[in-house]
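**Q** Order-wise, the sequence lines are chains E and X.
Sequential numbering from 1 applies to the first sequence in this note's numbering.
Sequential numbering from 1001 applies to the second sequence in this note's numbering.
Hints in this document: simulated from the structure, not taken from any laboratory.
Predicted model only: the values in this text are computed from it and were never measured.
Think of the CB as a built atom: it goes at the ideal place given N, C-alpha and C, for glycine as much as any other residue.
Treat the hints with care, since some could be wrong.
Which stretches of chain X does chain E cover? Using the computed rule of at least three CB atoms under 8 Å from a CB of chain E, they are [said to hold, decoys possible]: (1) 1047-1061; (2) 1170-1179.
Examples of chain E residues lying across from chain X (beta carbon under 10 Å, computed) [stated by the list, open to error]: (3) ASP139; (4) TYR186; (5) GLU195; (6) ALA209; (7) GLU212; (8) PHE232; (9) ARG403.
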Amino acid sequence: MPKIIYLSMVFLISGLGADLTVASAPNEDSSMGGSDESTGLYGYLINYFQSSLNFRNQQFSRPTFGDALLLRLKGDWRPEQNLRFHMEFSYQSNVGNQNPYLLYERLGIAGFSQSDFPLEDFNQRLFFDHVWGMASFGDFDLQFGKFPVAWGTGYVFNPTARVAFPPFLDMVTEDTPGTMALLPSYALSNRFSIEAYLAFQDKTQKKTAYQEDSDIKNLPYGIKLNGIAGAFDISLSWIREVLYNDLDTRPLDAVLTQAGMAYIQGIVANQAMAELLAAGDTVTVLEMFKQGALAQLLADLPRHPYYKRSYFAGFDFAGAIGDCGVYGEFVLRLPRDNRDKKFVLKNYRTADNLEMCLGFDYRISAVEVDTRMEYYYQGSGAKNKKDYNLMTILSGEKLVNARNYSFLMLEKTVKDFHKFNLAFFTNLDDGSFAVLPGYSYSPYNNFDITVGAFILGGSRGSEFDGRYTLYGVKEIDLMENLWPYLRLKISF
Amino acid sequence: MQYTGRFLRGLMIVLVAISASAEDEALTIIRKVDEMGKTSSSSAKMSMLTYPYVGDNSNFREMKVLAYGKGEDNSYMEFITPKSIQGLRILSLSGDQWVYFPSTGRVRKIAAKSKDQTVQGVGGDFTYEDLGGGNMEESYSFKILKSDAKSWTLEGTPKKESSYSKVVITILKENYQTPKIEYYTAADGHKKDLLIEEYKMISGRQMPTRMTMLNLIKQSKTVVIMHDAEYDVPLDDKYFNPMRFYK
């Protein structure tokens, strides 16, 4: 039998967990369509409806509701054999408990009143997420534009992916966010390649623009060597991460002391002015004002010392041991001094600067269940739950608070169009957990219905308990512990 | 007794000789079958339809792929439908597999799977072993079960570890085409039938363009239809390079 027919079917069994569906009508004689199948528009629409409520002391709280709508329109063009263009346009609308501003309001960090900005739309947005081109010259490829720089072999965590925030426990977003960058790559052979990126946005991809954005030292970059050794793919990398974070993560006492000192200095200055005015010395007060204003005008442009640069040495691998897929990803944050001038080893602890994930996947043939297990270690995480800092999560500096996590997923497909999932995500340090049961049904070729829930639990103040103590003084119930949802997806 | 002993030895020699001759003939036939399917490279667009219930032709899933093949063991595939995974690419090189997921921009290496694993997550009735590549001669020892005016029926027993206890192949004498292959396992007996239902003249040779795998235990089937196939065509090397097949 011709090899191509054998191999044509490999994809059927490759364990992709692909979102494939049931056709509504026979179409066996359909042709393959146009002459260039890689050109065209396609995409999907997802509607995600979620309720959130608390279950505590054997009672349910009053639920909240919200809805997220995501349209993703994708386009591919290949004007010549060695040229590619790809774009992904998004329309996203979030209302009710799916709107992040509600969370900010609940935390008291919204920072402004939405009604002060009547022209601003806090519910929906339109944007191009991926817009990129690629030109190939022999074994050299140059990708440019806004595209996902998705390094790493992990499924849930990717310590070597350090240019954008990945979607995390997110049932709506399916695509890795794009980053403005250049990415040249060169394949030295079928077993070795080198690639690098130079990005033009810090990891937050913030909406504000500061002069420091144009400073070359604030451009993230990464270099990676890829190789194949036996049954394993391996990579070595060097990465500079740049993160803009102006959220105040200091202890509350330090924040209040600084604010108090500024307040006192203001009172003293005002008192001195008031005394001069009371003595009838208006000229001196006016002169002091002018000098102060002039000093401000002549001063250097304002600085924004909120750019954090970190350097990482990375290693990742993926391969198989017997019928078990194994993978791992490691980065070590290198000891750079505060002025970003040199590397210093003083007081450096490897355990605090290591980030890694290790995982495996395996199919239990007897019951036709696919399993995946992943362990994640974050050396910079908090050792104790009282040290959790919500601001580092909101700022994107970290995905999770603690040091040790595990992820376990089981998946079973029945008669091709019923899929059952069960995932456990556990904070191994404080014992809190998220359980994610789900069931998907595909009644048509391009339509999926999923029902499921997030079930969160843990001791008071643990990561997934939902009750956070802000600055150690104020407890807020940040998130409910039961989120049933309905997800509808149509692909086109 | 002496006479009887000589007779038996002689009979055994004759039987062994006949058997060896039969095996030689089976080997010659299967080599011819292998040769018929051998190509240096290939390009095709294909549809694959999986039916969870063999008697219900209204319920099936359809996938379309652009596929390139090179040598015995190398293939590249790009999904065209379903739309949810359009652009997904799979490279298979001598048993190793890499998958490019366009939504995440990530290439993942896929672990080897157990040989008897069937179509996972997607459905289908082909196992890794069915698709495992290599030629028939390397995989099985054959003997002729039956021969009539139109066809031979060969039985193959696995030479190496296999999920099948035997295969039975029908080969047409006229053109060495294989309209049917039966698969047997120790546990289930006669488990599956592969039916090659259509051949077309492509690139100067008769090649199968439609086949169905029937799973007699699960009562399901999978149909593969070839469109626009070409053989021994020049292909860009990048499609078979794990470092840049997704570029």
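**Q** Each hint needs a verdict: does it hold in this structure or not?
**A** Comparing the hints with the structure gives:
1. Closer than 8 Å: that is the beta-carbon criterion, and the region 1047-1061 of chain X has 11 residues meeting it against chain E, so the requirement of 3 holds.
2. Remark: the region 1170-1179 of chain X is not confirmed as covered by chain E, as 1 of its residues place a Cβ nearer than 8 Å to a Cβ of that chain, below the required three.
3. With its C-beta approaching chain X no nearer than about 7 Å, ASP139(E) sits inside the 10 Å limit, and its interface hint holds.
4. Interface restraint check for TYR186(E): the shortest CB-CB distance to chain X comes to about 9 Å, inside 10 Å, so the restraint holds.
5. Taken as an interface hint, GLU195(E) checks out: its beta carbon lies about 9 Å from the nearest beta carbon of chain X, inside 10 Å.
6. With 10 Å as the threshold, the beta carbon of ALA209(E) stays out of range of chain X, its nearest partner Cβ sitting at about 26 Å, so the hint is violated.
7. Contact between GLU212(E) and chain X, as hinted, is not supported at the beta carbon level, the nearest pair being about 28 Å apart and thus beyond 10 Å.
8. The restraint placing PHE232(E) at the interface with chain X holds, with a minimum CB-CB distance near 8 Å, inside the 10 Å limit.
9. The criterion of a C-beta within 10 Å of any C-beta in chain X is not met by ARG403(E), whose closest approach is roughly 25 Å, and the hint is violated.
Of the numbered hints given earlier, the model fails hints 2, 6, 7, 9; all others are met.
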